[in-house]
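Could you put the whole structure together from the sequences, leaning on the hints where they help?
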Amino acid sequence: MPASAAAADAGVLWLAALQRALGRAAHDVKDALNGVSVNLEVIRSRAARAEAPAATVAPFADAAAQQLDRLTALLEAVLALGRSEREPADVGITLRRVVTLCSASNAATDARVVVRDVSVGDAHTRVPGDVVRLALVSPLLEAVVGRRGEPRGQVECELANEADAIVVRLHAGHPVPMPLEVAETLRAAGVTWSESVDELSLVFPRA
Amino acid sequence: MKQAKILIADDEAAITTGLSAILEDAGYAVEVVADGQKALDTLIVDRYGVVLADLKMPKLDGLALLRELQQRQIPTEAIIITGQATVDSAVQAMQQGAYDYIEKPLNAEKLNRLKALIPKALDKYEVQQKNRELASKLEGLTHYGELTGQSEAMRSVYQVIEAVAPSSASVLILGESGTGKELVARALHHKSDRAKGPFFALNCAALPKEILENELFGHEKGAFTGSTNEKAGAFEMASGGTIFLDEMAEMPTDIQVKLLRAIETRQIRRLGGKREINVDIRIVAATNKNLQKAIVDGELREDLYYRLAVVEIDLPPLRERADDIQLLANEFLARFSQQNGKAITGFEDAAWEWIMSYHWPGNVRELKNAVERAVIMSRNATIGPNDIIPRHLRGGGEMPAALTIPVGATAAEARRQLVLRTFASTSGDAARTGKVLGLSEEDVRAELLTLFNGAGDASPAPAPADNGAELSAPRAARRQEPVATPARAASKKPSSKKGR
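Chains A and S, in that order, give the protein sequences.
Residues 20 to 226 in the working numbering are what the first sequence spells out, letter by letter.
Residues 219 to 718 in the working numbering are what the second sequence spells out, letter by letter.
No lab work stands behind these hints, which were simulated from the structure alone.
Fair warning: there could be bad hints in the mix.
[Unchecked claim] Computed spacing ranges between beta-carbons, pair by pair: (1) 77(A) to 333(S): 22 to 30 Å; (2) 285(S) to 85(A): 31 to 39 Å; (3) 87(A) to 381(S): 45 to 53 Å; (4) 194(A) to 242(S): 23 to 31 Å; (5) 290(S) to 64(A): 56 to 64 Å; (6) 98(A) to 381(S): 54 to 62 Å; (7) 352(S) to 85(A): 44 to 52 Å; (8) 87(A) to 344(S): 37 to 45 Å; (9) 221(S) to 193(A): 46 to 54 Å; (10) 333(S) to 209(A): 54 to 62 Å; (11) 217(A) to 242(S): 45 to 53 Å.
[Unchecked claim] Chain A is faced by these chain S residues, among others (derived, beta-carbon under 7 Å): (12) 230; (13) 232; (14) 233; (15) 236; (16) 237; (17) 239; (18) 240; (19) 241; (20) 301; (21) 322; (22) 323; (23) 325; (24) 330; (25) 332.
Keep in mind that this is a model prediction, so the values were computed, not measured.
By construction, the Cβ of each residue, glycine as well, lies at the ideal position given by its N, Cα and C atoms.
This is how it looks when you write it as structure tokens:
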């Protein structure tokens, strides 16, 4: 597959993956919104009572602010990932956004994504942004919830600089296969990977 | 006042902290748990009127929690709060007993809805809690007011009486003759706020139309020929108390119209009167008729039926209360032994066999009369089969198929004997007697009244004297208990009571 065709194909595949990730993030968005509204309601109702000391509303202001930060991060990630990116991307920045989108902390299933270390400085790859996202999101979603929504546990992400490549390790404690429908597109764009019994290592060629 | 308790089950601390603060500010006592299993554990050991549960929670999700609550019959009202509202999950939650369902995010509008829902859910919890307490209180109970019975069917009746008595709702009591409909009416009266007011019972079937109308609404002086004084009717006399209309479906339809108006306006007008008189009454009605048929046949106005049947109490026949027969028989035996100064200790096995196998078409009244007759007739320390089984039922058939009329008897006497025997064979059903004999129901009643007014001959009346108390005479048709104090109620002769 020519590189341009792979990039176009990646754009389509990415939109499908984004749709799936957004569906999963909806719960997180609503929870954060809920946290903001409920805590604001406490502040509003207590502020209306003259005898309520300011100290009684402070924890709720903090909680509302915290939920607003969570919501902001989610919305920023969604807005950034919603734009098509055919230019080479920074794997570190993309990973943070993808993890924010996929990390819907759902204690009910204990399915979440945590990032161990992404501070590797410049992590630019020559692979187009849409492909990088696709390469990260597709196995991550498989790893945490599976195709039919069944919970599969927690995934840890680790970013490393290795010679001419930027390596992302997705450690799940169980095999993390690269979905077949994206494999060819990723390979055509220059992304490689290796699977082991409990993790997937993605290798992006440095720019 | 005791604070209502609410349990919040959600794994989002930012939400539960805020939500519990809102609810505490609203005056509730709130506990928070972070997963469904903890919610279940908490609800097992403590009582919460409402549980607010997230649909998605660790360990046990909202739907699984609802299932557990239902299976373990844990009393609480669950409101499901979720960020993943779909029609399916909402339907599932409601099917599994959720009180309601609210979708996240809880913005100001939804929080207001939640705040409005909680008192309603708590009300429902309180009502159900009272019902549960009542059910457990009634469990094992053998007596309720003047009613006797420990069967499941009677306990259900007690439960309905207990629930409905404090309200002012009209009650319609359905049941065969002799099942104790008036006793239920009395229990409703005595358990209500009107207990200090009068209880006024009127048998609508026993009185001709004009007299019934007069009894119900009273009359002014000069209303009709011979009315030299004004007279208050049952509605006025029962004001502040309860009026019991027995055999309500026998009431002529034009009186039904007046009754309906009185129920709707709480006002009556005496016969020949021009002014409306305000009355404050609760109506309890009873019938042994098939009301649907009576409505279709035009004998009962449908609008009156719906006015009277706000609550229906269906009294089971004795044959469906096998558990109660022994209890009742022993109780009647003790009562009549004492009243007759006899030391009868019990029933012989053969007597029990007959008592338990007989189908008692005349219900409790028939059993009571049978035991009373047996106590009177018995010369032993125990009641034997020959004491308890009525002569006409011995040796096979329940009623003799033939009637012997001596030569020389008048046609009137023959007719009276025929009416009485047929009346007895129908267990005191005047309508059926009329149908069997090709007479009108009024003719049957007139014949019975003739006998009880002393115009009859000296030949002994068989079963009607036992079974037909409620049809016997105008004096029995109208029974007023002026102001029902326990002492006065207890001093009444058993024979003045209908049923048991």
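Verification of the supplied hints:
1. 77(A) to 333(S): 22 to 30 Å: The hinted range 22 to 30 Å holds for residue 77(A) and residue 333(S), with Cβ atoms some 23 Å apart.
2. 285(S) to 85(A): 31 to 39 Å: This hint holds: roughly 34 Å between Cβ atoms.
3. 87(A) to 381(S): 45 to 53 Å: holds (51 Å)
4. 194(A) to 242(S): 23 to 31 Å: violated (48 Å)
5. 290(S) to 64(A): 56 to 64 Å: The hint (56 to 64 Å, Cβ to Cβ) is violated, given that residue 290(S) and residue 64(A) are roughly 36 Å apart.
6. 98(A) to 381(S): 54 to 62 Å: Once the Cβ atoms are compared, 59 Å apart, the range 54 to 62 Å for residue 381(S) and residue 98(A) holds.
7. 352(S) to 85(A): 44 to 52 Å: holds (48 Å)
8. 87(A) to 344(S): 37 to 45 Å: Hint holds: Cβ distance 39 Å, inside 37 to 45 Å.
9. 221(S) to 193(A): 46 to 54 Å: 48 Å Cβ-Cβ, so the 46 to 54 Å window holds.
10. 333(S) to 209(A): 54 to 62 Å: holds (58 Å)
11. 217(A) to 242(S): 45 to 53 Å: The hint (45 to 53 Å, Cβ to Cβ) holds, given that residue 217(A) and residue 242(S) are roughly 46 Å apart.
12. 230: holds (5 Å)
13. 232: Holds. Min distance 4 Å.
14. 233: holds (5 Å)
15. 236: holds (4 Å)
16. 237: Holds, because the Cβ-Cβ distance from residue 237(S) to chain A comes to roughly 5 Å (cut-off 7 Å).
17. 239: holds (5 Å)
18. 240: holds (6 Å)
19. 241: violated (10 Å)
20. 301: The hint holds - residue 301(S) has a Cβ within 7 Å of chain A, the shortest such distance being about 4 Å.
21. 322: holds (4 Å)
22. 323: For residue 323(S), the interface hint holds, since the closest Cβ of chain A sits about 4 Å away, which is under 7 Å.
23. 325: Check passed: Cβ of residue 325(S) comes within 5 Å of chain A, closer than 7 Å.
24. 330: Residue 330(S) check fails; min Cβ-Cβ to chain A is 9 Å, beyond 7 Å.
25. 332: For residue 332(S), the interface hint is violated, since the closest Cβ of chain A sits about 10 Å away, which is over 7 Å.
When held up to the earlier numbered hints, the structure conflicts with 4, 5, 19, 24 and 25 and fits the remainder.
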